[in-house]
Every structure is written in C-alpha cells, then in structure tokens.
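Between the sequences and the hints, there should be enough to build the whole structure, so can you do that?
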Amino acid sequence: MPLLEPRDDTLRPVARPETPAPDRVPEDRAGGTPEPLRGELTALLGAGKVLTGISDLVRYASDASPYRFVPRVVVIAEDIDDVSAVLSYAHGKHREVVFRAAGTSLNGQAQGEDILVDVRRHWTGVEVLDGGARARIAPGTTVARANAALARHGRVLGPDPASAIACTVGGVVANNASGMTAGTTRNAYRTLASLTFVLPGGTIVDTADPQADDLLAHAEPALCAGLLELREEIASDPALVARIRAKYTIKNTNGYRLDAFLDGETPVEILRGLMVGSEGTLGFISETVFDTLPLDRRVTAGLFFFPSLPEAAAAVPLFTRAGASAVELMDGNTLRASVSVAGVPADWAELPGPTTALLVEFRSPDESRQEACEEAARAVLEGLSLVSPVASATNVLTRDPAAIAGHWKARKAFVTAVGGARPSGSTLITEDFAVPPERLAEACEALLELQTRHGFDAAVAGHAAHGNLHFLLAFDASHPADVRRYEAFMDDFCRLTVERFDGSLKAEHATGRNIAPFLELEWGPRATELMWRIKRVVDPDGVLAPRIMLDRDPRAHLRGLKTIPRVEPVADPCIECGFCEPTCPSQDLTTTPRQRIVLRREMMRQPEGSPVEDGLLEAYGHDAVDTCAGDSTCRLACPVGIDTGAMMRDFRHARHSPREERAAALAARHFRSVEAAARLAVSAADRIDDKWVIGATRAARRAVRPDLVPEWLPGMPGAAPADLPPTARVGAAAVYYPACVNRIFAGPGDLSLAEAVVAVSARAGKPVWIPDDVVGTCCATIWHSKGYDSGNRVMANRIVEAAWGWTAGGALPLVVDASSCTLGIAHEVVAYLTPENRALHAELTVVDSLVWAARDLLPHLTVRRTVGSAVLHPTCSMRHLGDEEQLRAVAEACADEVVVPADAGCCAFAGDRGMLHKELTEAATRKEAEFVRSRPFDAHLSANRMCEVGMDHATGRGYYSVLLELERATRPAADGI
2 MPLLEPRDDT LRPVARPETP APDRVPEDRA GGTPEPLRGE LTALLGAGKV
52 LTGISDLVRY ASDASPYRFV PRVVVIAEDI DDVSAVLSYA HGKHREVVFR
102 AAGTSLNGQA QGEDILVDVR RHWTGVEVLD GGARARIAPG TTVARANAAL
152 ARHGRVLGPD PASAIACTVG GVVANNASGM TAGTTRNAYR TLASLTFVLP
202 GGTIVDTADP QADDLLAHAE PALCAGLLEL REEIASDPAL VARIRAKYTI
252 KNTNGYRLDA FLDGETPVEI LRGLMVGSEG TLGFISETVF DTLPLDRRVT
302 AGLFFFPSLP EAAAAVPLFT RAGASAVELM DGNTLRASVS VAGVPADWAE
352 LPGPTTALLV EFRSPDESRQ EACEEAARAV LEGLSLVSPV ASATNVLTRD
402 PAAIAGHWKA RKAFVTAVGG ARPSGSTLIT EDFAVPPERL AEACEALLEL
452 QTRHGFDAAV AGHAAHGNLH FLLAFDASHP ADVRRYEAFM DDFCRLTVER
502 FDGSLKAEHA TGRNIAPFLE LEWGPRATEL MWRIKRVVDP DGVLAPRIML
552 DRDPRAHLRG LKTIPRVEPV ADPCIECGFC EPTCPSQDLT TTPRQRIVLR
602 REMMRQPEGS PVEDGLLEAY GHDAVDTCAG DSTCRLACPV GIDTGAMMRD
652 FRHARHSPRE ERAAALAARH FRSVEAAARL AVSAADRIDD KWVIGATRAA
702 RRAVRPDLVP EWLPGMPGAA PADLPPTARV GAAAVYYPAC VNRIFAGPGD
752 LSLAEAVVAV SARAGKPVWI PDDVVGTCCA TIWHSKGYDS GNRVMANRIV
802 EAAWGWTAGG ALPLVVDASS CTLGIAHEVV AYLTPENRAL HAELTVVDSL
852 VWAARDLLPH LTVRRTVGSA VLHPTCSMRH LGDEEQLRAV AEACADEVVV
902 PADAGCCAFA GDRGMLHKEL TEAATRKEAE FVRSRPFDAH LSANRMCEVG
952 MDHATGRGYY SVLLELERAT RPAADGI
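Residue numbers for the sequence shown, in our numbering: 2 to 978.
Calculated directly from the structure, the hints in this document are not laboratory data.
Quantities reported herein were computed from a predicted structural model and do not represent experimental measurements.
Zero decoy hints are in this set.
Listed next, the in silico SDA-like pairs over lysine to any residue satisfying Cα-Cα at most 25 Å (straight line):
{"#": "1", "residue 1": "K94", "residue 2": "R548"}
{"#": "2", "residue 1": "K928", "residue 2": "A150"}
{"#": "3", "residue 1": "K928", "residue 2": "V290"}
{"#": "4", "residue 1": "K919", "residue 2": "E619"}
Below, the structure is given as structure tokens:
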C-alpha cells in the first residue's frame with residue numbers, strides 16, 4: 002500500500018439538501034450493471050467495451066436535455082460488428098437499445114433505460130471526395146471538425162447547428178438539425194447524398210449501392226413490403242399528400258419524415274429519407290456522404306435596431322430577398338438580459354422595452370458579389386425606420402471580422418445569459434418551434450404573453466428568416482408545483498403553435514421525449530397512426546429507442562425530469578450542454594467536464610453515506626480528479642464560462658494532508674535548491690539507461706503514490722546548460738524570463754532556448770536582459786495545477802515582487818518563454834497575491850515570447866533560410882492567451898508550408914501530469930498524433946517545453962520551440978548554420 006493514500010473521503014459533499022432528491026439513483030443500483038446482463042455482454046464484446054460501474058452508468062445518464070435516465074449498461078461500440086452484436090443480443094433477450102453520440106440533443110433522444118451504446122469515441126473521420134464536392138463522414142465526427150476538413154477545399158456542410166463544436170454529424174442526421182442558415186433547403190434531408198445504416202434486425206444498408214434494394218428485399222422482405230404498402234396508401238390520398246407537403250414548407254422535425262414516401266420510390270430510397278430525423282428509433286447510422294456547399298468567405302453583416310418587434314419582423318423578408326444568408330432576431334428582453342455576458346455592450350441595459358434587433362449577414366464568393374449584396378442591403382436599410390436609443394446601436398454594415406464576431410457573440414449570449422443566471426437548482430429547457438415566416442411578429446408576441454402568464458421569463462430569439470423561434474424555460478423539477486406550471490405552459494404552448502399558427506412544435510431540435518405526447522396534436526390521428534405503423538414495420542420488436550419519438554402517454558414529457566441539486570459554486574451554473582467535451586483531454590479515457598459535474602450532482606442527490614454515494618466516491622478520485630489535465634480549455638468552450646479544471650484543482654487541494662501542504666510550501670520557499678536538485682537529477686538520468694530510471698520511478702510510485710511521483714518516460718530530454726547566456730541591463734528593450742522548465746530541461750540541439758531568444762532579440766535590435774536572480778523563481782503553475790494553495794501563494798507573491806523589481810516597476814515588458822508560464826504570471830497568480838502585490842501586478846506587462854517574436858522581432862529580421870514544412874502544436878495556454886495566430890505567424894516566416902492538425906488540442910502533459918498518468922497524454926493526443934505520423938514534416942514546432950516532451954512521447958517526432966527555428970532561419974551565414 003502506498004505511503005500517502007489520497008484522502009478521497011474529503012470529496013464527500015458537506016452541504017447537501019435536507020432530504021434526498023426524488024430522482025436519486027436507488028440503492029439497489031449501487032452495484033452497477035446486474036447479472037446476467039453484465040456477464041453476457043462482457044463475454045460477447047470483451048470487458049473493454051462494456052462499462053458496468055455505477056459511476057459509468059450515472060455519468061451517461063444525463064445529457065443536454067431536461068431528462069435523466071440511468072442505463073443498465075453502457076457499451077462502447079468500436080465498429081458495425083459490435084453494433085450488430087448488440088442488436089442481435091437485444092432481440093434475443095427482449096432488451097432495448099439507445100444510441101448516444103455527443104449527448105447534445107435537447108429533448109432526451111440520447112437517453113436510455115437499458116442498453117446505451119456510445120457511438121462517438123470510435124466513429125470519427127472525414128474523407129473529402131470529388132475535390133470537396135462531397136464528403137464521407139463518420140457519425141461521431143463533430144460538425145466543426147468536418148467543416149474544418151472541408152474549409153481547405155472552400156466547401157462546407159449545409160446544416161449549421163449552434164452546437165457545431167460538440168454535436169456530431171450522426172446526431173445532426175438523426176435529428177435533422179439545421180441551424181441559422183440551413184432552413185428547409187440546406188438541411189440533412191436535402192443535402193445527404195447517401196448513408197449506411199444498420200436496421201434493428203442487423204441488416205446493413207448502403208443506399209449508394211446499386212444493388213441495395215435487391216439485397217434488402219432478400220434480407221428483409223416483410224420490411225420492404227410494408228414500406229411499399231405505406232407508400233401506396235399515402236400516395237392514394239390527395240388530401241394527406243397535400244398536408245404532408247404543406248408541413249414541410251416550414252422547418253419541421255416533429256415525427257417521421259412522411260415526405261420520404263413521396264420523394265422515394267423504392268424501399269431503400271424511402272428508408273434513406275426516413276432515417277433522417279428518426280432519432281435512432283429505426284436504425285443506427287454508421288456512415289454518411291454529404292453533398293457539400295460553397296464556403297463563401299467574404300462576409301458583410303450588421304446589427305440593426307427597430308422600435309418594435311412588428312417593425313423588425315416586417316423587415317425580415319426584405320433582407321431575405323436581398324440575399325441575406327442569416328437573419329437573426331432578438332427581442333428587447335433578450336437584448337437587455339445579454340449584458341451580463343462579457344463583450345456585450347453594457348448600454349443595452351438601457352434599451353427601451355419594445356426595442357428589437359436583427360442580426361443580418363451576407364456571404365459572398367467574391368468582391369463583386371459582396372458589393373452587390375451590400376448595395377441591396379443599403380437599399381433595404383434606406384426604407385427602414387431604425388433607431389439608435391443607445392450609443393452602441395450604430396446600425397451599420399461592416400466587413401470587419403472583429404465587429405461581426407461581436408455581433409454573433411451578442412446573438413449567442415441569449416443562452417449564456419439566461420442559462421448562467423437561472424436560479425440555482427433549476428432545470429433549463431431550450432425549446433424551438435416554427436411558424437410561417439409572415440406570421441413571425443404575431444407568434445413572438447403571443448409567446449411572450451404566454452411566458453408571462455405562466456410566470457416564466459419572457460424572451461425570444463431565433464432564425465427569423467425561417468420563422469424559427471427559440472426560448473428558454475427554467476423551473477425546479479424537485480417541486481411538484483413548478484412541474485405543474487411547466488405542464489400547463491406546454492399544454493398551452495403546443496395548442497397555440499398548432500391551432501393558431503399551424504406551426505411545427507419542433508423546427509430543428511427533433512421530437513424527443515418532451516414533444517412525443519403532442520405529436521398527434523400537430524399531425525392529426527391519421528398521420529400519427531402512419532408513424533406508428535412505420536415503427537412497427539422497421540422495428541417490429543420495439544428494440545430501438547422506445548418512448549423517444551412515439552409515446553401514447555399524455556404525460557410522458559413529465560417522466561424523468563431531472564433535478565439540479567446545488568454543487569460547488571464554480572460548477573453550479575452548468576446546463577449540461579456538453580460543449581466542453583470535445584476539448585477535454587480525458588474525454589476518451591475517464592470522464593469529461595460535464596460528467597464530472599453530473600457525478601457531483603448525483604452525490605448531492607443521495608443521502609449521506611448511501612451505497613451509491615460510496616460507489617461514486619470510490620471512482621471519482623481517479624476518474625475525475627487525478628485524470629483532469631487542469632488545462633481549463635473547458636471554460637473556453639462553455640457557454641456559461643465554467644472552469645471545471647479549477648474545481649478539480651480545488652478537490653486536489655482538499656485531498657492533501659497538512660503534511661503535504663507544508664512540504665509543498667517548503668519546496669516553494671527553497672525552490673532554488675529544488676531547481677538545482679531537479680536539474681542534477683535530469684542530468685544524472687540522462688547518463689543512465691532509460692530502463693533503469695523508469696524502473697526506479699515505477700518502484701517509487703508504488704511505494705509513495707502514483708499521483709505524486711512522476712514516471713520517467715523514454716527519450717526525456719537531458720539537462721539544460723548550467724549557466725544562462727550573459728546579457729546587459731543597460732539598453733535592454735525587455736526583461737527576459739527563462740521559465741524554470743527551460744532552465745532544467747535542455748532543448749533538442751546545441752543551442753539552448755535562452756541563447757536563441759537572446760540572439761534573435763539582439764539581431765532584431767531589441768536586446769533583452771536576463772536578471773541574475775531568476776534561478777529559484779517560478780511562475781507558480783507547479784503548485785497551482787496540483788492544488789497546493791500555500792506553496793502557490795508563496796511563489797506567486799515572490800515572482801510578482803521579483804518581476805516588479807526587474808522591470809523597474811513595469812517600465813519594461815517581461816518576456817516569458819513558455820506559454821503556460823506566461824499564463825501563470827499574467828493571470829493565474831492574481832488570486833493568490835497580497836493586496837499590495839496585486840497592485841504591483843497591475844502595473845506589469847507580461848508578454849509571451851511568441852507575441853514578442855511576432856510583433857516586436859519579425860518586422861526587424863531578415864529570413865535567410867526556411868524549412869520545407871512545419872507542423873504546429875498550439876498549446877492550451879496559447880488558446881487562453883489568444884496567441885495561436887502568433888505561433889502561426891512566426892512559423893510561416895520559417896517554413897514554406899505550415900500545418901496545424903485539425904485535431905490539435907491539449908496534449909494533457911500539463912507540466913508533469915503526463916508523467917503521472919502517461920495514458921492521459923496518449924489518449925488526448927491520439928488523433929493529432931495519427932495525423933503527424935501520417936506524413937513527413939521538416940519541423941515540429943510549439944512553444945512550451947513540457948508540451949513538446951508530451952508530443953515527442955505521443956508522436957515519436959522531435960518537437961521544439963518555434964523560437965529556435967526563428968533563430969536558425971534568421972542567423973547570418975557568417976555565423977554558421
């Protein structure tokens with residue numbers, strides 16, 4: 002047993018509700034997946050593909066919807082054979098199967114109560130076809146990742162959901178999700194060239210195969226006959242045909258696509274249409290091929306303010322006819338609520354009540370078309386009565402990318418503002434519906450009145466060009482009275498949408514559990530019964546996703562509503578949307594930020610000391626706390642700005658014993674000696690065979706604690722030179738701070754990073770000075786990332802006091818040569834400073850070496866030689882600092898071709914975390930490493946030594962600082978090369 006066991010009991014919640022939550026996981030589920038289900042699936046698929054622990058089941062129980070259902074087992078399917086095996090097993094055992102990818106669906110489509118199959122992890126990839134005209138895309142690929150691959154060819158997918166960074170292509174097809182510009186012509190139904198899917202009986206259908214219908218007729222004759230019978234019945238009813246066609250003149254994702262029977266003639270053609278928007282109830286989509294669309298890169302946009310909602314709505318068709326690709330509406334309440342989001346103009350809080358804004362965007366392929374669009378837009382604007390009630394309401398068209406990004410940030414701030422400000426403990430529901438666009442203003446006003454009448458915050462926004470509106474509801478699912486209020490609102494809302502406007506109850510979010518009871522209200526008994534028959538024809542045994550689209554229970558939308566118990570303040574605003582997950586280094590290893598919070602909430606639902614809580618705590622230390630890289634990129638992706646990494650650092654602090662805290666603080670106070678010892682150890686290890694050092698560190702990890710003692714990895718760099726290069730203070734343009742990691746670990750060549758920075762700065766006429774007393778100081782990230790608050794406080798104050806003196810009270814910039822250290826000194830130390838040192842810190846100008854090189858050095862340097870190609874690894878710290886473009890700029894000066902892998906993300910080495918949990922770095926870098934190894938590059942560049950070491954380990958290639966390459970590229974020939 003290790004000497005220092007982590008104190009996981011300190012993670013047990015302290016402040017919890019007086020009574021356990023009504024929807025808590027019952028005690029009889031504490032053992033996880035029961036037998037024989039556990040054993041049978043493990044024998045069928047292998048233990049690595051079957052998740053059975055209570056922690057695994059709970060973390061998969063929640064998604065972006067207001068519902069929560071705990072599966073009996075989770076299967077991580079790797080290929081079609083796994084999917085077919087699960088379906089065959091389910092048929093034989095009379096079990097149910099639900100497929101889940103990103104879990105961003107808003108209506109409970111990705112939740113199951115029996116077998117839940119994860120089809121995200123092993124289902125990614127994009128193959129660009131026909132020069133970008135088409136693309137073959139695996140279903141677990143995010144829309145953003147697919148578009149990144151297509152962008153190089155000037156193409157883009159038609160569907161453009163707001164959740165593109167997280168939602169998967171398979172989910173987009175299964176829900177027929179669209180977005181701001183897709184409307185009814187660019188959605189998946191219209192742009193999907195072909196797809197491959199697995200039917201409930203296990204039959205695999207590739208709709209692009211010329212023999213597909215013959216193969217299907219042989220494998221599933223009853224299914225084919227049933228589909229053709231339905232087609233004939235629908236086609237022979239002119240009134241029904243007219244009704245179906247009318248329903249799809251506006252956006253509609255409620256129920257099965259009945260127009261598939263009108264657009265397709267054969268069973269395969271019909272199934273191709275039915276699978277779109279089927280929400281996993283008819284089969285599993287294993288591959289898609291899309292017809293792509295031109296990516297018009299020239300953008301003009303404007304945010305225009307109107308005195309009232311009707312006047313704004315009246316302008317929508319004018320902009321649409323002028324060629325606008327997007328027309329987004331925000332009512333006055335939305336505008337005023339959004340001021341709580343950073344970057345939204347503060348004076349919007351003073352906007353008069355009825356003020357309404359339209360965000361209008363035009364996209365063009367070339368200059369002439371852009372000018373024509375702008376001329377058409379100005380003609381529209383001349384006839385409008387716009388208002389400027391506050392200074393920021395300028396009502397101008399612009400091409401400025403920053404201004405346009407600001408407009409879109411304001412538009413998207415709706416969810417951020419309302420979601421982040423909702424009452425603690427309340428569930429957030431995102432609703433959408435569509436009405437004929439000409440009745441947009443009337444529908445908005447009716448909705449606002451309905452929200453007010455039922456006691457909900459009245460606000461509306463949406464895709465105005467398509468009559469598609471969105472609104473949010475917040476209520477407490479643990480209070481029966483609040484559930485009744487939600488029930489009453491939904492009854493009135495659905496009747497209003499259908500009976501007054503003949504609208505769609507779901508325009509782009511798909512039916513799901515919360516609209517299933519209202520399907521017949523919208524479609525009528527005849528069409529609804531046809532949908533039930535479709536389900537019986539394709540899935541006669543009811544194996545796939547029961548109750549998700551079709552449910553005869555009129556109160557089904559109230560079953561499984563999740564409570565949201567209060568958790569730690571940093572995480573409490575979480576709306577469980579899942580936007581954080583694609584950025585998380587541990588997403589394919591243990592847990593994601595959303596799952597870390599979901600698990601925490603379940604602990605809060607439980608009575609203290611319950612078997613379920615004990616089971617969750619047993620796994621939480623490793624799965625949530627230890628394997629969090631702490632990079633905080635989740636905060637950048639989160640619409641409400643949650644930093645789950647910060648919560649994990651707090652938990653690390655809570656697990657420390659007083660002795661550990663004292664030791665960490667002592668190390669900070671005597672860091673000069675620690676640094677010298679570390680450098681000596683690295684130097685010694687460099688002279689010994691790796692296998693002996695690895696064996697020694699593994700033994701120490703077993704004796705002490707794996708999360709405290711790093712494991713030496715093969716190929717670790719040797720020690721940096723003992724002495725830093727000489728510099729002069731007089732005439733220095735900046736103070737240069739070589740990070741401690743660069744004072745301990747050497748670079749890959751004979752020239753140290755410090756020597757390179759000094760040389761290239763002098764070459765540009767911007768000499769730098771290295772203070773004599775930098776040894777023994779640190780950016781404090783070592784202690785910050787591990788949650789050692791006392792040591793963090795010691796070093797944070799020391800480095801700020803030292804930097805104040807070095808820079809003459811902030812007169813000179815402080816240039817830091819490691820991006821994580823720049824982030825630490827510039828931002829992360831602030832919370833640990835004394836009031837006096839916080840004032841000193843405010844006067845400092847901390848500059849990352851990338852910015853220094855790109856902004857201050859490059860304009861004064863002559864590039865004398867370049868390499869052919871360079872692949873870059875932007876670090877997570879660069880993302881936080883906004884320095885990624887500077888990395889590219891410096892690299893482009895040094896290389897003829899510069900490539901940033903589309904899957905580049907945090908390497909999770911995180912100082913030494915990649916040595917504490919090497920499997921974390923291996924999982925985090927898997928996709929990026931596959932790309933890097935797929936072709937040769939002349940240089941592998943980054944700007945953080947430990948991240949470079951992590952990428953060395955992941956790829957087998959040698960990464961080094963782009964500053965070293967810049968020095969080489971600009972070195973005079975007389976100095977040698």
